[in-house]
Amino acid sequence: MRKTAAARAVLLRVAAVAVLALVAQGCDNQPDLLPVPTTDLSKVEPAVRNRIAAANAEFDTRTRSKTSSADLARAYGDLGMVYQAQDLTTPAEVAYINAGRLDSRDKRWPYLLAHLYADQGRVSEATRYFEMARHIDPTYVAAEIYLGQMYLQNGDLDKARSIFEGAKGDKEGKAAALAGLGKVALTAGHYQEAADWLEEALRISPSASRLRQPLATAYRGLGDAEKARANLAQFAIDGQEPSFPDPIVDAMSDKLVVSHVLLRRGQRFAKEGRFDLSEDAFRAAVASDPGNAEALANLGISLANLGRTEEAQKNLIESLHLDDNSAVAHFSLGVIYDRQGEDAAAIAQYRSAIERDPNNIQAAVYLADAIMRSRSSLDAVQWYRQALSKQPKSTRIALSLAFALIKAADHVEARKVLETALSQQPQSAEVINALARLLATAPAAEVRDGPRALTMAKSLFEKNSSLEIGQTYGMALAETGNFTKAAELQQDIISSYERSGLPVDKSFLVHNLTAYRQSQSVREGWSAQDLVFWPRSPAAALVRR
Numbered sequence: 022m023r024k025t026a027a028a029r030a031v032l033l034r035v036a037a038v039a040v041l042a043l044v045a046q047g048c049d050n051q052p053d054l055l056p057v058p059t060t061d062l063s064k065v066e067p068a069v070r071n072r073i074a075a076a077n078a079e080f081d082t083r084t085r086s087k088t089s090s091a092d093l094a095r096a097y098g099d100l101g102m103v104y105q106a107q108d109l110t111t112p113a114e115v116a117y118i119n120a121g122r123l124d125s126r127d128k129r130w131p132y133l134l135a136h137l138y139a140d141q142g143r144v145s146e147a148t149r150y151f152e153m154a155r156h157i158d159p160t161y162v163a164a165e166i167y168l169g170q171m172y173l174q175n176g177d178l179d180k181a182r183s184i185f186e187g188a189k190g191d192k193e194g195k196a197a198a199l200a201g202l203g204k205v206a207l208t209a210g211h212y213q214e215a216a217d218w219l220e221e222a223l224r225i226s227p228s229a230s231r232l233r234q235p236l237a238t239a240y241r242g243l244g245d246a247e248k249a250r251a252n253l254a255q256f257a258i259d260g261q262e263p264s265f266p267d268p269i270v271d272a273m274s275d276k277l278v279v280s281h282v283l284l285r286r287g288q289r290f291a292k293e294g295r296f297d298l299s300e301d302a303f304r305a306a307v308a309s310d311p312g313n314a315e316a317l318a319n320l321g322i323s324l325a326n327l328g329r330t331e332e333a334q335k336n337l338i339e340s341l342h343l344d345d346n347s348a349v350a351h352f353s354l355g356v357i358y359d360r361q362g363e364d365a366a367a368i369a370q371y372r373s374a375i376e377r378d379p380n381n382i383q384a385a386v387y388l389a390d391a392i393m394r395s396r397s398s399l400d401a402v403q404w405y406r407q408a409l410s411k412q413p414k415s416t417r418i419a420l421s422l423a424f425a426l427i428k429a430a431d432h433v434e435a436r437k438v439l440e441t442a443l444s445q446q447p448q449s450a451e452v453i454n455a456l457a458r459l460l461a462t463a464p465a466a467e468v469r470d471g472p473r474a475l476t477m478a479k480s481l482f483e484k485n486s487s488l489e490i491g492q493t494y495g496m497a498l499a500e501t502g503n504f505t506k507a508a509e510l511q512q513d514i515i516s517s518y519e520r521s522g523l524p525v526d527k528s529f530l531v532h533n534l535t536a537y538r539q540s541q542s543v544r545e546g547w548s549a550q551d552l553v554f555w556p557r558s559p560a561a562a563l564v565r566r
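Residues in the sequence shown are numbered from 22 upward in steps of one, following the working numbering.
Hints are computed from structural coordinates only; laboratory data are not their basis.
There's no promise every hint is true.
[To be verified] Here are the computed lysine to aspartate or glutamate pairs in the DMTMM-like style, where the Cα-Cα straight-line distance is at most 20 Å:
#: 1; residue 1: LYS437; residue 2: GLU483
#: 2; residue 1: LYS180; residue 2: GLU152
#: 3; residue 1: LYS276; residue 2: ASP140
Given the structure is predicted, the values throughout are model-derived calculations rather than measurements.
Use the sequences and the hints to build the structure in full.
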């Protein structure tokens, strides 16, 4: 009777271990080794089946001849890495155990085994193996960070604190160690200490948005509701913790062939702004599954962020040929066109993105920006309002809506929008300056409020004497009748622009100076060429061809 393929594989694997044990008698004294169990691969991607088959064949080749314990350990360890990378944890665990028994001096095997246990929630086992890896190499900061996290998770705050204190001396691991110290202090109820550590971690790693939640909790514990709210507003549930180098896990991850996991890894790198690494991951995802439209779209986005516009456009168009329903691909292609100054093509793609994802706020804002630059400001108002309704506390969207309304000569509505924005962000210099300028220059008397404009502009100018705010202060001075001081300030502003070489509509500045010298207020707060009427987000900045 013929055996099944799975049964034959099991017998071959057990036989291989037995042969290895016999071979070992002629060289090193070998420890007891466990048979690596087979796995049902019938339901996994073909690429995974092929990768596992290749790994097993390589293992057999490396262990067929007489070999040392260290070489045999590496063979088992490499096999375990392939299994773990594909999330096949049972055979990976056995392979790592064998590798560790064969070579107890190689930190990689207990370290990767610790990660495997941590991912399964087996905290005590993960802690033990992270300790083992750290004992082998005390300088490997990733093992320290993860060990501290295990102690923190298990409630052993003293040990966690000690580990993080040691790790913060490592330059590349400092932010993560400080974050760990902050979380330890927070768990212990030491709110000021927690806030101090977490703030320092964020200074080093400002993109680590996941730290905003524990920092908000610390400020809430200190009774500072304003800082708590401000940090919660910056928290992202899918954000990042401070990063640190981990070449062992990177080497294991490089053995990954599952396209959707490669895709997730690339997206993680992209969120960290590491677009060179995200490109590699997305290319691997496409190689694993050439028909994966999402992988192609993400590859295009990474290429765009690396400044390779033509390659990015090609990948995004190919992605949409495969799946025209992808909102992210339409949006990203819109950004590519936007960067090239092709507003009509960009508008079409942004509309397509919104049709497929009506809640895509970013697409609505970019669409409004493009319309504002090329069409009616009233059409832009519609899209800015839609975006603001979904994100009512966004200063950027509120300002854009206000400027679109001003361009459409609807100063009453513009004031309402800015008043609401000011009530939500009372410290925003941008909002204060825009509202003060509108109050000083609006054509309609019912919109203007010169004394209030002067109070706002003067206070802001005393804190931040920028040329932009200085113009507003001058407008408010003129509106309240102090034309002499307004003219003096305007002349200083013109001279400062000339010295600095900053771009500005000089004719607008001179027009206002002339008005002040003639004891006249002005009724245009912004030049028609001012960038507020030609909005473009940083991601859509024009690129030179």
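_Checking one constraint from the list: CA of LYS276 to CA of ASP140, max 20 Å. Satisfied?_
Given pair LYS276, ASP140 holds - Cα atoms ~18 Å apart, limit 20 Å.
*Holds or violated: are the alpha carbons of LYS180 and GLU152 at most 20 Å from each other?*
With Cα atoms ~12 Å apart, LYS180 and GLU152 stay inside 20 Å; holds.
*asked:* Next pair to validate is LYS437 with GLU483; report whether the Cα-Cα distance is within 20 Å.
replied: 26 Å, violated
Checked against the numbered hints listed earlier, the structure breaks hint 1 alone; every other hint is satisfied.
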